[in-house]
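A.B. asks: Based on the sequences and whatever the hints tell you, model everything.
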Amino acid sequence: MKVITFRQLRHRWRLYLLVLPAIALVCTFSYFPAATAVFRSFYRWDGDEISEYIGLENFYRALTDPVLGHSFYLVMILILSNFIKMIPSIITAVVIHRIASERGRYLYRVLFVIPMIIPGMVALLIWKYFYDPTVGVLNGLLNSTGLMALLQHVDDWFGWRVFVENANPAWLGHPKLIIPSLIFWGFPWVGVVGVLLYLAGLGNIEQDIYDAAEIDGCGWLRKFWNIELPLILTQIRLNLILMIIGTLQGWGLIFILLGDSGGPAGVGMVPGLYMFRKAFRESEAGYACGIGLLLFFLTLALTVINNRYVRVKK
Amino acid sequence: MTDAVTGYMRAKTRRGRLNELTKHAFVLAVLVFSFYPLYMMLNISFKTNKQFYHQPWWPTWPMYPANYSLGWETVGAAIPNTIYLAVMQTMGVLAVALLASYVFARYRLPGHNLFWSALMILLMMPGVANMVPLFTLLRSLGLLNSYTGLIVPAIAGGQVFNIFILRNYLEDTPEELFEAAEMDGAGALRQIWNIVIPMNGSVLATLACLSFIGGWNDFLLPLLIMRDPARLPIAVSLYRLEGAYVREWGPTMAAYAISAIPMIILFIFTMRFFIRGVAAGALKG
Amino acid sequence: MSNRAGGASRGEKIRNLIGVGILAAAFLWSAVHMVHLAFGPGSAVSTSQKRVVRFAHWQLEGGLVEALNDAARLYEKLHPDVRVEQIPIPERAYPQWVRTQLIGRTAPDLIESQGWENLIVRYFVPITDIIEKPNPYHSKEWEQRLVALLGDEYKSGPDTVNLEGVPWRDTYIDGMQGGYMQTLQDFYGMPLSVFTIRCYANRDLLKKAAGTTEPPQDLETFFKICQDIQAYAQKNNLKLVPIAGSKYTESVFRGKYWGMAIWDLLDKMDLNEDGWVDSGEQLMAFMGSGVDMMTDPNIRAGHEAIFDISRYFNPGFMAAERDQSVFLFAQGNAAMIATGTWDAGSLYKQVGGDFEILVFDFPIPRPNNPKFGPYIRYRLTEAGTKAGFPMAMTKFSEDPDLTVDFMHFLSSQKVNEWLNRRFRWFPATRGARTDAMLQAFEPKMEGVYKLFDLYLTGQTQLRYEQMYGDYISAAQAAPDHYERFIRQYWAAYRSDVFADFERNWANSYSVATQTEKALAHARTRAVRRGLTPEIQRNLSALALGQVRRMHGRAMDWYRYQMAKQAYENRSSPGAGP
Numbered sequence: 001m002k003v004i005t006f007r008q009l010r011h012r013w014r015l016y017l018l019v020l021p022a023i024a025l026v027c028t029f030s031y032f033p034a035a036t037a038v039f040r041s042f043y044r045w046d047g048d049e050i051s052e053y054i055g056l057e058n059f060y061r062a063l064t065d066p067v068l069g070h071s072f073y074l075v076m077i078l079i080l081s082n083f084i085k086m087i088p089s090i091i092t093a094v095v096i097h098r099i100a101s102e103r104g105r106y107l108y109r110v111l112f113v114i115p116m117i118i119p120g121m122v123a124l125l126i127w128k129y130f131y132d133p134t135v136g137v138l139n140g141l142l143n144s145t146g147l148m149a150l151l152q153h154v155d156d157w158f159g160w161r162v163f164v165e166n167a168n169p170a171w172l173g174h175p176k177l178i179i180p181s182l183i184f185w186g187f188p189w190v191g192v193v194g195v196l197l198y199l200a201g202l203g204n205i206e207q208d209i210y211d212a213a214e215i216d217g218c219g220w221l222r223k224f225w226n227i228e229l230p231l232i233l234t235q236i237r238l239n240l241i242l243m244i245i246g247t248l249q250g251w252g253l254i255f256i257l258l259g260d261s262g263g264p265a266g267v268g269m270v271p272g273l274y275m276f277r278k279a280f281r282e283s284e285a286g287y288a289c290g291i292g293l294l295l296f297f298l299t300l301a302l303t304v305i306n307n308r309y310v311r312v313k314k
Numbered sequence: 001m002t003d004a005v006t007g008y009m010r011a012k013t014r015r016g017r018l019n020e021l022t023k024h025a026f027v028l029a030v031l032v033f034s035f036y037p038l039y040m041m042l043n044i045s046f047k048t049n050k051q052f053y054h055q056p057w058w059p060t061w062p063m064y065p066a067n068y069s070l071g072w073e074t075v076g077a078a079i080p081n082t083i084y085l086a087v088m089q090t091m092g093v094l095a096v097a098l099l100a101s102y103v104f105a106r107y108r109l110p111g112h113n114l115f116w117s118a119l120m121i122l123l124m125m126p127g128v129a130n131m132v133p134l135f136t137l138l139r140s141l142g143l144l145n146s147y148t149g150l151i152v153p154a155i156a157g158g159q160v161f162n163i164f165i166l167r168n169y170l171e172d173t174p175e176e177l178f179e180a181a182e183m184d185g186a187g188a189l190r191q192i193w194n195i196v197i198p199m200n201g202s203v204l205a206t207l208a209c210l211s212f213i214g215g216w217n218d219f220l221l222p223l224l225i226m227r228d229p230a231r232l233p234i235a236v237s238l239y240r241l242e243g244a245y246v247r248e249w250g251p252t253m254a255a256y257a258i259s260a261i262p263m264i265i266l267f268i269f270t271m272r273f274f275i276r277g278v279a280a281g282a283l284k285g
Numbered sequence: 001m002s003n004r005a006g007g008a009s010r011g012e013k014i015r016n017l018i019g020v021g022i023l024a025a026a027f028l029w030s031a032v033h034m035v036h037l038a039f040g041p042g043s044a045v046s047t048s049q050k051r052v053v054r055f056a057h058w059q060l061e062g063g064l065v066e067a068l069n070d071a072a073r074l075y076e077k078l079h080p081d082v083r084v085e086q087i088p089i090p091e092r093a094y095p096q097w098v099r100t101q102l103i104g105r106t107a108p109d110l111i112e113s114q115g116w117e118n119l120i121v122r123y124f125v126p127i128t129d130i131i132e133k134p135n136p137y138h139s140k141e142w143e144q145r146l147v148a149l150l151g152d153e154y155k156s157g158p159d160t161v162n163l164e165g166v167p168w169r170d171t172y173i174d175g176m177q178g179g180y181m182q183t184l185q186d187f188y189g190m191p192l193s194v195f196t197i198r199c200y201a202n203r204d205l206l207k208k209a210a211g212t213t214e215p216p217q218d219l220e221t222f223f224k225i226c227q228d229i230q231a232y233a234q235k236n237n238l239k240l241v242p243i244a245g246s247k248y249t250e251s252v253f254r255g256k257y258w259g260m261a262i263w264d265l266l267d268k269m270d271l272n273e274d275g276w277v278d279s280g281e282q283l284m285a286f287m288g289s290g291v292d293m294m295t296d297p298n299i300r301a302g303h304e305a306i307f308d309i310s311r312y313f314n315p316g317f318m319a320a321e322r323d324q325s326v327f328l329f330a331q332g333n334a335a336m337i338a339t340g341t342w343d344a345g346s347l348y349k350q351v352g353g354d355f356e357i358l359v360f361d362f363p364i365p366r367p368n369n370p371k372f373g374p375y376i377r378y379r380l381t382e383a384g385t386k387a388g389f390p391m392a393m394t395k396f397s398e399d400p401d402l403t404v405d406f407m408h409f410l411s412s413q414k415v416n417e418w419l420n421r422r423f424r425w426f427p428a429t430r431g432a433r434t435d436a437m438l439q440a441f442e443p444k445m446e447g448v449y450k451l452f453d454l455y456l457t458g459q460t461q462l463r464y465e466q467m468y469g470d471y472i473s474a475a476q477a478a479p480d481h482y483e484r485f486i487r488q489y490w491a492a493y494r495s496d497v498f499a500d501f502e503r504n505w506a507n508s509y510s511v512a513t514q515t516e517k518a519l520a521h522a523r524t525r526a527v528r529r530g531l532t533p534e535i536q537r538n539l540s541a542l543a544l545g546q547v548r549r550m551h552g553r554a555m556d557w558y559r560y561q562m563a564k565q566a567y568e569n570r571s572s573p574g575a576g577p
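Residue numbers (the numbering used here), protein chains in the order written: chain A, 1 to 314; chain U, 1 to 285; chain V, 1 to 577.
Please keep in mind that the hints were generated in silico from the structure rather than gathered at the bench. All values reported here derive from a predicted model rather than from experimental measurement. Built from N, CA and C at the ideal position, the CB exists for glycine as well. Misleading hints may appear alongside valid ones.
[Claimed, not checked] So the derived list for chain U, only partly shown, Cβ under 8 angstroms to chain A, looks like this:
(1) PHE26
(2) LEU31
(3) PRO37
(4) GLU73
(5) GLY76
(6) TYR102
(7) VAL132
(8) ILE155
(9) ILE163
(10) TRP216
(11) TYR239
(12) PHE267
C.D. replies: In structure tokens:
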């Protein structure tokens with residue numbers, strides 16, 4: 001790579017032309033709004049013309065806002081559950097990888113891509129249909145397999161009052177059920193891109209290592225732990241950090257499933273959704289920007305921690 | 001190759017065969033669950049409401065392909081809109097990113113570190129808070145309710161990811177090739193055209209696919225800034241469809257299926273690139 | 001290794017070629033479509049000679065969008081130089097969409113209003129002067145043309161009312177109260193229909209299970225019918241409940257019976273005798289010594305009436321959604337349901353021809369009913385309660401005259417009648433004929449109105465809804481079920497209500513500032529165009545409204561202080577309970 005110093009710039013200015021479109025676009029449409037958001041977080045702003053400087057008040061309010069607190073609590077739960085949901089992808093990738101026939105592996109790889117093709121919105125809406133209390137698949141399954149009766153007994157014992165006689169539980173409509181529904185969403189939690197990535201990483205393992213392991217008498221668990229896992233650890237780490245950032249900021253899923261109030265009693269509220277609601281529904285854009293700034297710092301902190309402490313030895 | 005033979009031989013032993021069977025069974029089970037939403041969507045799309053209420057699980061006869069024409073009426077207009085948006089976005093993103101990553105891969109300009117850390121920071125900003133200022137920005141530029149207002153921010157948004165990946169790849173290209181081209185008098189653009197693109201075809205194809213998928217699924221900005229119903233992209237159309245009060249399940253599911261078809265077609269042809277590209281990308285990761 | 005060096009196989013090459021070919025073809029198609037959109041018929045450019053009016057709403061109920069489309073085409077036929085565009089948005093996304101459109105200044109000319117005060121004052125046009133003028137579509141020539149278009153059954157007859165020359169405002173059944181915004185003291189919305197809330201019953205089921213085809217006239221009969229249905233269901237082992245319940249249905253019943261029950265508290269609580277109980281007065285009543293929340297019999301009746309009714313809902317109704325209860329009713333698993341006429345169209349569509357639907361108003365108890373008689377005595381009025389489809393005009397409308405004319409069109413007697421027949425809603429214009437079914441929806445003007453809610457916006461509302469939810473969805477009820485609930489709520493109310501009041505009072509200041517802005521605009525208008533009668537009227541209405549509002553706020557604050565003082569006196573040791 002050639003290093004260009006300031007002095008050489010005069011002759012190489014054309015290079016800057018090449019970079020200009022990218023920089024100009026990013027500055028205008030990514031940086032400028034972000035900077036404005038930071039600027040506005042010190043104001044009481046309605047998104048349009050009304051604007052009044054209030055200093056740190058937005059931040060005080062955010063720190064003492066119970067709804068925001070609950071939303072962070074929910075996000076933490078979601079991060080944890082998403083972390084656990086990463087596991088089936090890994091397992092599936094390993095299993096596919098271990099399948100002997102190459103044709104089989106290729107076939108499965110192809111088959112796995114197909115569900116990914118469904119546009120995200122469609123997948124979401126289909127899941128919403130699954131959760132529908134009256135005609136949805138989930139309730140239908142529970143009823144026809146008798147699991148619903150079992151749940152009703154358990155409910156009686158615990159006193160949840162969620163699974164009552166003759167009532168189809170509203171998975172997206174009952175405050176107690178929302179969090180389980182959000183966690184369960186996406187069963188079987190095998191993310192296709194993840195599987196393909198891991199598979200590719202696993203594909204590099206030389207057969208000799210396996211042979212050596214066989215000779216040493218390793219069971220399949222040891223094989224996984226010592227051979228396969230370390231090699232895909234970089235991918236896992238990358239996925240992990242992307243997942244954390246995504247879950248912290250994400251709200252589209254919940255918006256489509258539950259609406260902008262986060263469902264009944266606001267149980268499903270996440271910070272992103274809260275910001276959206278504040279900015280676009282209640283005309284409190286300044287407050288939303290303030291929350292955004294706090295969220296950004298949190299993400300930054302988590303990323304730094306991840307980089308520093310979750311290191312992978314090659 | 002010895003591994004195939006060994007593997008094959010290992011599979012032949014009794015314990016080996018049982019092992020293989022369990023593995024296949026596991027993968028098939030996962031596949032069944034993954035495909036189930038797809039199956040339900042297709043299944044219901046051929047039913048009338050009455051059929052649906054009585055028997056939602058298995059296909060019922062007679063089937064009603066007429067649902068598809070109803071579904072087409074509701075979302076059909078959105079498909080060319082979305083194609084246009086996705087293609088323009090993809091072309092724009094890749095063109096701009098290619099130029100920039102060429103420079104970043106070959107040269108180290110002053111201000112380099114600043115630029116990179118700035119890009120990384122961008123990744124971490126929550127998008128929602130930027131929505132309102134972006135909105136007012138688009139308003140001042142007069143880009144509201146227009147496709148340009150959707151395409152240009154998308155191009156800007158896609159830069160970070162694409163430049164990052166492309167730069168990694170371009171760094172691999174041997175410097176000698178570029179120098180040879182330069183000696184032949186090729187300018188930067190010519191170099192990109194003759195060297196970069198042919199050598200990195202599969203990465204570009206992969207990124208193009210990803211970008212296209214992103215454009216296809218784009219939901220939030222169109223929801224907020226598009227006013228005319230005839231110009232909505234498909235994700236917003238589907239969202240609006242779902243909000244209707246009297247639900248005709250058959251046509252709704254047919255509409256979902258219709259909106260998935262272009263993607264399926266795309267994938268039949270780019271599958272190879274995509275799988276290969278993802279595989280290669282993993283190594284870089 | 002990054003990619004395969006060397007050429008791809010021939011098969012792959014062909015595959016790639018086909019792929020690129022398809023992509024190119026698809027893109028070409030979409031480009032053509034774009035051009036078509038931009039320049040083809042019906043587009044902005046081709047009809048750029050035409051004047052455009054756009055309207056947006058969130059009523060996606062069955063048949064409505066089509067009916068409005070037809071109305072739009074009719075209008076275009078009458079005015080060939082006009083193009084009308086309808087923009088339906090789902091209810092979920094509606095508030096955000098409207099807000100972004102308003103901020104972005106791309107909003108349509110007419111927007112169905114949901115009563116957002118802050119937005120209305122900033123972005124919408126008050127129509128007070130417009131409504132004093134008559135609706136041109138009521139003139140004789142227009143009537144002829146309309147009848148020619150709509151059909152002969154719309155010809156005027158002895159049973160219709162002649163509205164020629166009548167100010168637009170008075171052509172409405174409720175005097176356009178539905179478009180009036182109390183807090184802004186101005187008219188903003190032009191309604192199209194009048195909504196009322198009714199009970200619906202499955203006639204066949206009623207006959208089979210309760211042996212009657214008459215809707216219940218009073219609460220006792222209503223309960224008897226419900227019990228008969230329950231017995232019938234049990235005897236024949238059917239999955240049948242008397243009333244299709246959902247969270248929404250419960251709120252419908254609560255809206256009615258609560259309002260009816262607390263009317264008697266008017267004397268005790270309305271201190272300035274203006275007919276309303278505002279939050280300051282509520283504070284004085286409960287926190288002072290006006291009304292004891294825990295023992296008051298009207299409050300008790302208001303809760304227990306709904307509780308008793310809810311015993312006949314399907315179990316777990318609080319978790320059910322509105323369309324679930326409609327589904328239950330349509331499938332014949334519930335004999336009755338209650339909802340507003342906005343649902344009627346969808347309801348009838350879903351039922352299809354399966355059974356006949358009876359419509360009736362909510363029954364009130366007989367005077368000799370020991371539990372409820374003395375407390376629930378009057379029906380609620382339906383004057384101006386809910387305007388159907390109040391369309392408000394935005395300030396950015398490019399062609400305000402056209403917009404108003406379109407509204408005139410939609411609310412003219414003939415067209416309104418025609419529209420509402422298609423909607424299955426009740427027309428807002430006087431003299432519009434209704435068919436037999438719609439007559440049951442006619443709003444009853446006499447009656448009382450809901451004075452207050454047992455909470456203020458904020459924490460008390462949240463606690464009330466939570467505790468009330470527990471109260472109403474209890475499967476078994478101990479004898480002191482209500483006492484426990486009200487005691488619990490009173491404790492929460494006591495601790496949170498002052499904070500809620502303070503917050504709401506501070507927020508209401510922003511409405512006042514908005515009105516200041518409107519006032520400033522009005523004054524500018526006056527300076528520029530001079531003090532014409534309309535401008536003067538608008539200015540004085542705004543100013544008067546502002547004065548009233550400020551005065552109201554001051555009185556509210558005063559009462560709040562008094563209530564606080566009274567409460568402290570009460571709870572300090574040595575004072576009475």
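A.B. asks: Look at each hint and say if it fits the structure.
C.D. replies: Hint check:
no.	hint	verdict
1	PHE26	5 angstroms, holds
2	LEU31	6 angstroms, holds
3	PRO37	5 angstroms, holds
4	GLU73	18 angstroms, violated
5	GLY76	15 angstroms, violated
6	TYR102	7 angstroms, holds
7	VAL132	4 angstroms, holds
8	ILE155	6 angstroms, holds
9	ILE163	7 angstroms, holds
10	TRP216	6 angstroms, holds
11	TYR239	7 angstroms, holds
12	PHE267	5 angstroms, holds
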